[in-house]
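Next come the chains, spelled out residue by residue.
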Amino acid sequence: MLDQLNENLITEGKEPISFDSDCREGICGMCGAVVNGLPHGGEKGTTLCQVHMRSFADGSTITIEPWRSAAFPVIRDLVIDRGAFDKIIQSGGYVSVSTGGAQDANALPINADAAESAMDAAACIGCGACVAACPNGSAMLFTAAKVSHLAQLPQGRVEAKRRALAMVDRMDEQGFGHCSNHRECEVFCPKEISGAPHRALEPGIPARAARPRLVLEHPQIRKITDLISRPIPLLSSERDISFVGRGPAHGLRVNPVSGSFSSYYSNGFRDGLLVRGR
Amino acid sequence: MALDAKIPGGPIETRWDRHRFDLKLVNPANKRKYRIIVVGTGLAGASVAASLAELGYEVLNFCFQDSPRRAHSIAAQGGINAAKNYPNDGDSIYRLFYDTVKGGDYRARESNVYRLAQISGNIIDQCVAQGVPFAREYSGLLANRSFGGAQVSRTFYARGQTGQQLLLGAYSALSRQIEAGKVKMFPRREMLDVVLADGHARGIICRNLLTGAYEKYAAHAVVLATGGYGNVFFLSTNAVGSNVTATWRAHKRGAFFANPCYTQIHPTCIPVHGEGQSKLTLMSESLRNDGRVWVPRRQGDTRAANDIPEAERNYYLEERYPSFGNLVPRDVASRAAKKMCDEGFGVGETRLAVYLDFRDAIKRDGRATIEKKYGNLFQMYEKITGEDPYTMPMRIFPASHYAMGGLWVDYNLMSTVPGLFVLGEANFSDHGANRLGASALMQGLADGYFVIPYTIGGYLAAATSKPVSDDGREFGETMAEVEARVHKILAVNGKRTARDFHKELGKLLWDHCGMARNANGLKKALVRIPEIRAEFWENVRVTGTGEEFNQELERAGRVADFLEFGELLVRDALHREESCGGHFREEHQTPDNEAKRDDEHFSYAAAWEFQGVGAEPTLHKEPLAFEYVKPTQRSYK
Numbered sequence: 001m002l003d004q005l006n007e008n009l010i011t012e013g014k015e016p017i018s019f020d021s022d023c024r025e026g027i028c029g030m031c032g033a034v035v036n037g038l039p040h041g042g043e044k045g046t047t048l049c050q051v052h053m054r055s056f057a058d059g060s061t062i063t064i065e066p067w068r069s070a071a072f073p074v075i076r077d078l079v080i081d082r083g084a085f086d087k088i089i090q091s092g093g094y095v096s097v098s099t100g101g102a103q104d105a106n107a108l109p110i111n112a113d114a115a116e117s118a119m120d121a122a123a124c125i126g127c128g129a130c131v132a133a134c135p136n137g138s139a140m141l142f143t144a145a146k147v148s149h150l151a152q153l154p155q156g157r158v159e160a161k162r163r164a165l166a167m168v169d170r171m172d173e174q175g176f177g178h179c180s181n182h183r184e185c186e187v188f189c190p191k192e193i194s195g196a197p198h199r200a201l202e203p204g205i206p207a208r209a210a211r212p213r214l215v216l217e218h219p220q221i222r223k224i225t226d227l228i229s230r231p232i233p234l235l236s237s238e239r240d241i242s243f244v245g246r247g248p249a250h251g252l253r254v255n256p257v258s259g260s261f262s263s264y265y266s267n268g269f270r271d272g273l274l275v276r277g278r
Numbered sequence: 001m002a003l004d005a006k007i008p009g010g011p012i013e014t015r016w017d018r019h020r021f022d023l024k025l026v027n028p029a030n031k032r033k034y035r036i037i038v039v040g041t042g043l044a045g046a047s048v049a050a051s052l053a054e055l056g057y058e059v060l061n062f063c064f065q066d067s068p069r070r071a072h073s074i075a076a077q078g079g080i081n082a083a084k085n086y087p088n089d090g091d092s093i094y095r096l097f098y099d100t101v102k103g104g105d106y107r108a109r110e111s112n113v114y115r116l117a118q119i120s121g122n123i124i125d126q127c128v129a130q131g132v133p134f135a136r137e138y139s140g141l142l143a144n145r146s147f148g149g150a151q152v153s154r155t156f157y158a159r160g161q162t163g164q165q166l167l168l169g170a171y172s173a174l175s176r177q178i179e180a181g182k183v184k185m186f187p188r189r190e191m192l193d194v195v196l197a198d199g200h201a202r203g204i205i206c207r208n209l210l211t212g213a214y215e216k217y218a219a220h221a222v223v224l225a226t227g228g229y230g231n232v233f234f235l236s237t238n239a240v241g242s243n244v245t246a247t248w249r250a251h252k253r254g255a256f257f258a259n260p261c262y263t264q265i266h267p268t269c270i271p272v273h274g275e276g277q278s279k280l281t282l283m284s285e286s287l288r289n290d291g292r293v294w295v296p297r298r299q300g301d302t303r304a305a306n307d308i309p310e311a312e313r314n315y316y317l318e319e320r321y322p323s324f325g326n327l328v329p330r331d332v333a334s335r336a337a338k339k340m341c342d343e344g345f346g347v348g349e350t351r352l353a354v355y356l357d358f359r360d361a362i363k364r365d366g367r368a369t370i371e372k373k374y375g376n377l378f379q380m381y382e383k384i385t386g387e388d389p390y391t392m393p394m395r396i397f398p399a400s401h402y403a404m405g406g407l408w409v410d411y412n413l414m415s416t417v418p419g420l421f422v423l424g425e426a427n428f429s430d431h432g433a434n435r436l437g438a439s440a441l442m443q444g445l446a447d448g449y450f451v452i453p454y455t456i457g458g459y460l461a462a463a464t465s466k467p468v469s470d471d472g473r474e475f476g477e478t479m480a481e482v483e484a485r486v487h488k489i490l491a492v493n494g495k496r497t498a499r500d501f502h503k504e505l506g507k508l509l510w511d512h513c514g515m516a517r518n519a520n521g522l523k524k525a526l527v528r529i530p531e532i533r534a535e536f537w538e539n540v541r542v543t544g545t546g547e548e549f550n551q552e553l554e555r556a557g558r559v560a561d562f563l564e565f566g567e568l569l570v571r572d573a574l575h576r577e578e579s580c581g582g583h584f585r586e587e588h589q590t591p592d593n594e595a596k597r598d599d600e601h602f603s604y605a606a607a608w609e610f611q612g613v614g615a616e617p618t619l620h621k622e623p624l625a626f627e628y629v630k631p632t633q634r635s636y637k
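From first to last, the protein sequence lines stand for chains A and B.
Okay, so the first sequence: first residue is 1 according to our numbering, each after it adds one.
Okay, so the second sequence: first residue is 1 according to our numbering, each after it adds one.
FYI, nobody ran anything at the bench for these hints, they're computed from the structure.
Remember, it's a predicted structure, so these values are computed and weren't measured experimentally.
A few of these clues could be false.
Claimed, not checked - What the simulated footprint calls covered on chain A by chain B, stretch by stretch (three residues with Cβ under 8 Å from a Cβ of chain B suffice, anywhere in the stretch; the number is not a length):
1) 20 to 28
2) 32 to 42
3) 68 to 80
4) 128 to 140
5) 176 to 189
Claimed, not checked - Taking lysine to aspartate or glutamate and the EDC-like style, the derived pairs with C-alpha atoms no more than 16 Å apart in a straight line are:
6) B:K495 x A:E12
7) B:K31 x B:E58
8) B:K524 x B:D511
9) B:K523 x B:E587
10) B:K495 x A:E7
11) A:K87 x B:D599
12) B:K495 x A:E15
13) B:K621 x B:D599
14) B:K102 x B:D511
15) B:K503 x A:D3
16) B:K383 x A:E43
17) A:K87 x A:D3
18) B:K216 x B:E179
19) A:K44 x B:E382
20) B:K523 x B:E616
21) B:K503 x A:E7
22) B:K339 x B:E318
All C-beta atoms, glycine included, are put in the ideal place defined by N, C-alpha and C.
Taking the hints into account, I'd like the entire structure generated from these sequences.
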């Protein structure tokens with residue numbers, strides 16, 4: 001549709017609308033815009049490039065806006081700069097292994113379910129819809145998907161803590177907001193990345209329902225990593241603060257008194273990266 | 001100029017080992033003194049940029065997208081081949097080598113293919129170490145599936161997103177080197193020329209797509225990993241941004257272009273559904289295992305598929321190829337579909353489609369079984385077409401998918417321009433006239449992770465390590481030429497859009513240089529392309545200016561290059577008076593309509609030397625020797 005619109009505009013001597021798009025089959029992650037208020041148009045599991053005109057009523061007015069987030073400056077029209085995502089990955093979204101000398105691939109058996117679950121998280125295309133959907137402009141789903149993908153595999157587990165800390169830190173630095181558990185990101189993720197394992201335990205709770213949460217506000221704690229790197233005096237140990245990554249419930253557990261944390265994978269925690277009382 | 005492929009001698013099994021030993025090494029402490037430019041961030045580009053940086057070289061990496069993770073390698077679905085022989089079903093390096101040479105219809109270089117097969121196993125090891133989530137058995141070991149007619153299961157996969165996962169693996173390795181400061185990443189830069197000094201590639205000229213500024217970068221070597229030219233047909237399964245510009249500009253600077261007429265047309269794509277369509281979508285060819293391909297027996301039959309009685313359906317593949325039926329190879333299936341449509345039997349609104357029907361399979365096996373096997377593909381089809389393939393037959397049509405041809409390279413993957421290396425789909429090296437399924441990912445990563453890191457050292461060790469500078473006369477001149485060309489496009493200010501020209505060129509090539517070609521049509525195209533090109537330079541309309549983010553200008557520049565390249569594609573197809581792999585000349589077929597090679601006259605790689613736009617290029621031949629796999633005629637009856 002935008003192609004056609006632009007052809008018409010150019011023919012009429014007007015400036016076409018700039019927009020990003022490349023593979024046109026929903027895998028490269030380059031496209032994306034808010035259509036009628038919904039990231040990627042709001043169709044389940046669909047990127048903007050796969051939204052067809054037949055899904056709109058004839059003659060209707062369609063409103064298209066770029067992703068809006070402080071961390072994604074608009075370049076022109078619908079084109080935005082998602083370089084902040086690359087910077088998050090650069091901070092640690094990898095296994096620190098160089099080319100050459102890898103052992104035989106089958107020397108390291110990996111639980112098939114873990115591989116599948118890692119793949120669920122690895123399916124992220126880096127489009128930024130999660131950020132656009134989030135009222136806080138948080139990149140938590142994007143960040144946690146990578147943390148979760150790698151931490152579930154033995155190759156990635158070695159650096160899991162370091163990675164999670166570095167990536168969350170970088171996320172904050174890049175100007176993304178914090179997660180306060182709205183879960184809008186999951187709804188609009190075109191690859192349907194979510195905390196599926198634990199959500200499955202809660203039948204009947206719609207994804208967008210308001211969820212009980214305790215958002216920690218304290219002048220000393222400005223970043224997620226502050227929570228992890230020092231004891232938190234305002235909370236007592238019996239409140240047992242849990243701190244988990246988004247995605248398939250993989251993340252970090254923090255002991256607020258000692259400040260210690262551990263890499264964590266379980267179905268026991270329900271929510272995203274936040275501080276909550278239990 | 002005689003082409004020297006620098007193929008090592010001796011038994012094929014030991015060639016790569018010995019060559020690696022013979023190559024000069026660069027002292028580890030000296031590596032940081034060399035700067036290498038890598039253009040492209042797909043499987044080949046990202047893997048080579050990361051690997052060279054790990055070795056200690058200074059790397060500058062460029063891509064035109066907003067992030068290196070967008071490169072079109074990401075869209076590959078099926079898998080990656082490796083001769084691991086984990087299933088113990090008789091695979092071996094030699095068998096992968098043999099299958100690839102044969103699959104390429106005996107038009108690939110044996111030594112390169114053997115090396116590819118040798119390295120294939122290392123790729124899987126490397127990717128697993130990076131955390132690529134390949135599919136696994138319950139034992140925890142890697143799962144394999146069979147693919148593309150191979151008789152062994154050697155394809156590793158990550159759901160239907162293997163390309164994505166491999167690319168993200170290479171991207172993560174690249175990201176690690178960016179963080180370490182060893183790779184400097186330049187997204188949204190389009191390479192518009194190669195700079196030569198003393199006959200060696202010494203840098204590139206880019207346009208900064210955000211600001212429109214021209215930028216020059218100097219290096220000791222330039223590596224192009226810029227993908228294939230499938231979009232010359234306008235409609236293809238490639239990303240809409242995929243283009244020929246980088247390789248074409250390098251060609252104009254002296255790099256020979258080899259075998260451009262070897263283009264792969266994939267049979268099972270979702271057909272064109274209207275004038276405004278921008279690209280075509282591939283569906284796995286595994287669908288042909290259970291689907292039956294047919295067209296109505298009556299020409300121009302407009303009844304709905306389900307209203308056409310059994311007796312009036314023509315299951316033409318089953319009739320023509322009784323033993324292979326619907327499972328004939330890609331090129332045969334593609335050509336048969338085209339023939340039906342050409343003769344007026346096509347279906348759907350555009351009459352350019354054939355049916356792929358699961359009615360009988362659903363009747364036989366039940367809907368649940370079919371859903372389990374093909375559910376995701378059916379869903380994809382429904383999403384795109386809005387039709388339910390469980391209740392009405394799919395419509396399919398072939399589409400341009402991959403380019404086997406590319407810049408000519410020697411065994412070191414160096415082009416005819418010293419210091420200019422070409423990797424992945426951008427080169428011509430490993431697939432001959434036809435690529436086998438799941439081999440593109442293998443080649444891209446083999447080149448990037450395991451070939452160039454060695455061979456580039458051999459070149460650099462003999463070159464100067466003195467710091468390079470972009471101050472030279474050559475940089476200024478090349479940059480001025482690049483700027484002049486952009487200004488020229490902007491100055492036309494005509495009436496037609498660049499996309500419109502691209503469409504016209506694409507349709508012309510699809511009609512005359514697509515699945516089946518003949519001298520008459522090719523000659524027509526050869527007359528018409530320069531006319532379209534001339535009109536482009538008189539009548540293209542590009543809005544905006546060159547000093548800003550201007551996607552229309554980007555497009556116009558790419559289309560201008562396609563308009564020059566298209567002519568070479570046709571010339572190559574016209575000169576190759578035989579049929580082989582993806583190149584089918586109607587004049588050269590066996591009595592039962594199979595591709596008929598002419599090994600006596602055409603057993604060579606055709607490497608074209610640029611002589612000017614519109615001027616006839618010079619043909620150089622690299623003879624192909626088949627010492628191990630003896631050429632035979634393929635047959636599917």
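Flag every earlier hint the structure violates by its number, smallest first.
2, 4, 5, 11, 14, 17 and 18
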